[in-house]
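From first to last, the protein sequence lines stand for chains Y, A, D and S.
Residue numbers for the first sequence follow our numbering, beginning at -1 and rising by one.
Residue numbers for the second sequence follow our numbering, beginning at 347 and rising by one.
Residue numbers for the third sequence follow our numbering, beginning at 663 and rising by one.
Residue numbers for the fourth sequence follow our numbering, beginning at 778 and rising by one.
If you are wondering where the hints come from, they were derived from the structure by calculation, not from laboratory data.
Be a bit skeptical, because a hint or two may be false.
List of simulated lysine to any residue pairs, SDA-like, C-alpha gap at most 25 Å [unchecked claim]: (1) LYS778(D) / ASP969(S); (2) LYS778(D) / PHE946(S); (3) LYS119(Y) / ALA853(S); (4) LYS97(Y) / ASP969(S).
Spelled out, the chains give:
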Amino acid sequence: MRKGLFSGIFLGLVLLAGPVAADDPGVIRLGAAVSLTGKYSSNGAFTRKGYDLAVEKINEAGGVTVAGKPYLLQIIYYDDESTPARGAQLVERLIQQDKVQFVLGPYSSGLTEAIAPVTEKYGVPMVEANGAAISLFRKNYRYLFAVLSTTDEYLRGAIDIAARLSADPSKLRVAMAFENDPFSQDVREGVLADMKRHGMKAVVDDKLPPELNDMSATLSKVKALRPDLLLISGHDKGASLAIRQMADQRVNVPMLALTHCDSARIAENFGPAAEYALCAAQWASTLTYEDDLFGSASDYARLYEETYGEVAPYQAAESSAAVQVYADAFARAKSLDPEDVRQALTETAMMTFYGRIEFDETGKNVAKPMVLFQVQDGNYVVVYPEAFAEAKIRWPTPPWGER
Amino acid sequence: MLDNLLLFVQFPPLAVDVVVNGLLIGAIFALAAYGMALVWGVLNIVNVVQGELVVLGGYVTFLLVQWGMPPLIGVPVSALVMFGVGWVLYRAIVFRVVDRDIFISILATFGLAILIQQLANLSFGADVRSVDAGLGPLHFLDGMVTVAWVKLIAFVLALVAGASLWFFLRHARLGQAIRATAQNPRAARILGIDTGRVYAATYALNAALCGAAGSLAVMAWTIHPYMGLPYTVRSFMVVVVAGVGNVGAVVAAGLGLGALENVAGFVLGTEFQIAFVFALMVTILVWRHLRAARRREHLK
Amino acid sequence: MSVMLEVREVTKRFGGVVANDRISLTVTQGEIAGLIGPNGSGKTTLFGCITGTLPVDGGEVYFEGQPISHLRAGPIARLGLLRTWQQTRIYGEMTCAENMAISAREAHGGLISLLKPVPAATRIRASDLLAFVGLHEKRDERGGRLSFGQQKLLEFAMALMNEPKLLLLDEPTAGINPTLINGLIDRLRRANAELGVTLLVIEHNMRVIMNLAHRITCLAHGEVLAEGTPDEIRDDARVLDAYLGVA
Amino acid sequence: MTKLSDWHIMGVLAIAGLGLPFLAPGLITQLSFLWLMVIFALTWDMLGGRMGYNSFGNILFFGIGCYAAAVVQRDAGLPYFEALALGLALGAVLAVAAALLFGAALLGIRGHYFAIGTLGLGITAAEVAAGWDYVGAGSGMALPLFPGALGQREFFFCFSLFAVAIVCFLFLRWLYGTRFGLALNAIRDDQDKADAMGLRTTPIKVFAWCIAAFFLSISGGLAANMIGFIDPRDVAFAGATFGVWMVLMAILGGKGTLWGPVLGAVVFHITQELFWTYLLGWQRVALGLLIVVIVVFFPQGIMGWIAERRAAREGAAS
């Protein structure tokens, strides 16, 4: 009996060694641990769809030519269950067992924080599209490249607009409610720096626990203190809850800015209650960027919608761009050695449907601005920066009684 | 923290607002907690899947509204659908842990909770869902106190449900059978009560209560597949404080918990809101234990 | 001979029911005292009050002159006052030998003493006592698998292992095969005489208690009805009434 | 199981533990996690299996170990290994102190109220850590990078955790052979009886928790460094994952047996890894089902099942 048990365990160990990594010629394998389950699973799914769409498109177009030889791209996925410990473990596994030499990022800053030390240790490049926390880029990681704008820029637009619209920015009073997770707390840090620049004052500064299903205590404070600007960041749930409860509690603020409101689909889900909300976004389908692979931003949006039957959120777009960055780097490196590819990545200077991508020495993309949407008549309309603005910002938000 | 307390002084209506909103949340907790107390008392099971039943109830209402039904219809329909779900769950799995160590039931229902979370994620997606009941809010005190109609309805419904549960247990045939089984299952069996049926009905009734709670939650707040746990732990807490046998105490504890939690979130900062709730629960348990120990007894 | 246990005016209520109403009794060192009374007369409740498992509502219990009614079961046991239960309590998942080993007196000690292995002397004593109650062959059997009567014997042996000064036995012969009862009486006597354990025994079986006890207290309706030698009790009309009247 | 075969199995496992990292370097991280799981299951079983106190809060000590190491390594200004050693020591002291404090308060509570109380303790700890800026609040803490050469890190943590697991196992094996082990069992079987027999149950229970706390905090400090990043709810005080797995592994292997928790940890860990590899996106469904199946159909665990089978065979033979 014990023999049977041990042979069972042995068989398990053999199976554990995993789907054996036979090295097909002509295939470049990328690895990614994304959140298919757990609290980030909706955005994890967007990330995966974005990766898949780009891989499909690149392979359709003949793949990547490296030193004269064509290669197809392939991604090996694991589910990190939205937990950092799992993420780090799975990436280690991708590198060690699946022999993946190029890693695509997970969803969320927290998971990227957990994974970056692993890729760094093995000298494996990671191009990521969903870890925006500025703290990631203060650690001198050499192998980390992010196609997105960092957290400090997320709500900068909203603060700048508020400053511009007011006679005396230093009189502005700001209320903040940020989820207690790495991403949102980093956004908060950026906001505090920007507020300092304008001399603004924080009147509410709450941290929302991730399990919170009610934020009426915070909103009551906001109602009492009547700030000029309310900033909220808490992934999809934070955005949805804020819109829902502000309408229910009739919280009046002249300006409300959020993150993640397009991936939370607030305009679709909450209708009129979502009007006037400003949303920080990495990308919008109305932007005028273009590349050879996907065409324009709106072409990408259309393709995405045809493929997956839903509107393309920026999380998917930036993920697709991450794959494009890899393809570009492979071609320029003329080699599949991780060190050569890393070198090529540092020299990236390309235009994509998602925007311009150039990495600074810390690995973050410095060539693309954040945009701000405003929900206007049920649509997400770009109102900032001016160069891309489709419409003028509607300000101030009228009180609930007049909406 | 002091700033926040000062706010209460500066804006007295604010205190009312915070407490009222807390009471309204508490009503939903109470609704889920009735069910938990019922199952705990009758089946001797700690039902960790409680929160997931609430979330499923929310999804039923969400789907109904997607199909064009008026949201409020969702409350009875969710309750009805969840009654069926509860019955099936009991007949399929839960009956196997009745009469077993209560710890086994905790683990087994925890497994069920993971299962349901995941199936909900696979079938409804992980998006945050909400339903607009289209009722708008009520204002008091110059707009400083706002109460959404739907929360008020939730509150009233929770009280009505409590009262009817009490009445049902006291006077309906099935209710009496449930109480008899709770007190002494063996005697109940001898008296010809089909205890298996009573257990199934109790569990299904619990699921129905959760369904109603979920339906109200999706209108007043939001739901997504992984948000059952807060409802589970708060139901726990309410039952731990109120005991399993007393519907009135469950209402009081539920409302009290909601109000206390909201005030704590306001005063200590929302980041310590949950910590406060659980620290409070541990403190209550320890305090009750010490009180019992002084009297040469122990907490059972 | 000195008074070992003195129960003075002990009162215990359960809600409105008075289970023990100002009960007083004494047990002298070295004797076998009996406690009888019809069902529900408060005998087991009194045991609980004495040994610290029930809170006392009034009165005081002295053990070797020391008041103990505020103490809990553990400290009282460490003073040398032990009880057994009517429904028997043993450690069901442990073997008889283990049951005995952990019942030894040295297990009362602090943590350091617990971190030593069971000494050989204890093993031998445990083995002897198991033999004394006739369970030697069962020493490696799990306690929970013994028959009810065997469990009773094991519990008795465990109590002796603890070297108590005073042992309170709650119906030691209940559930025991009648053919074995005489043997048990003999063992109780030997425990009293050879090991020097003072006994206070609750017993329903009149034949047993009249045979065994030096002195008997009879309770009824939570009060002391009568007290005296077996002969005195046997002849007491009130005792007879109490038993027959209830029946 | 005779003494001899016990040592045989240990020998085989020791050789496997020392050799596998070299034979299958690709599995080294999983192996490290396996040793962690073994520690989890062993320490949980001391309370849940041996003493009958089903704790959902043991994760508290793991988390304390994680944070103590992280804080010392951040602030002490010492070289990596010195800081790590100091962090582990501090973590152990804090964890044992916490076990003393909370043990004295909570271990008098019985049955499911104890389970719920400890659950509350674990969640409170997670939420406090998530709100406390000094330990990074909700952003968690990143641990310093390992100074050694590439690949050394894995070996270091794998062997460290292996060593802790071995020490833990041998210590518990010895402990269960003393009167203390018997006292734990006595408390499990009938605490009132144990009390009434004069056992000092409260110090015994608290001491047992302290032992669990010690090993968990050491493993926490090591695991935090191995993972490289601690998040209050998902890594350090991960009650919904690690906290529950401890229980499941012990039950799966067989509560209250020496080898049960080890076996349970091995089987559970391998199963879990297989789910992750082969059931992308469905692995949590499988995990949920596995939990239900384990506790509903298999509460006696593997060791219990073997014992039953053996008893049945002997019964048939005699």
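Okay, the hints, checked on the actual structure:
no.: 1; hint: LYS778(D) / ASP969(S); in the structure: 24 Å, holds
no.: 2; hint: LYS778(D) / PHE946(S); in the structure: 18 Å, holds
no.: 3; hint: LYS119(Y) / ALA853(S); in the structure: 23 Å, holds
no.: 4; hint: LYS97(Y) / ASP969(S); in the structure: 58 Å, violated
Going through the hint list in order, the structure does not satisfy hint 4, though it satisfies all others.
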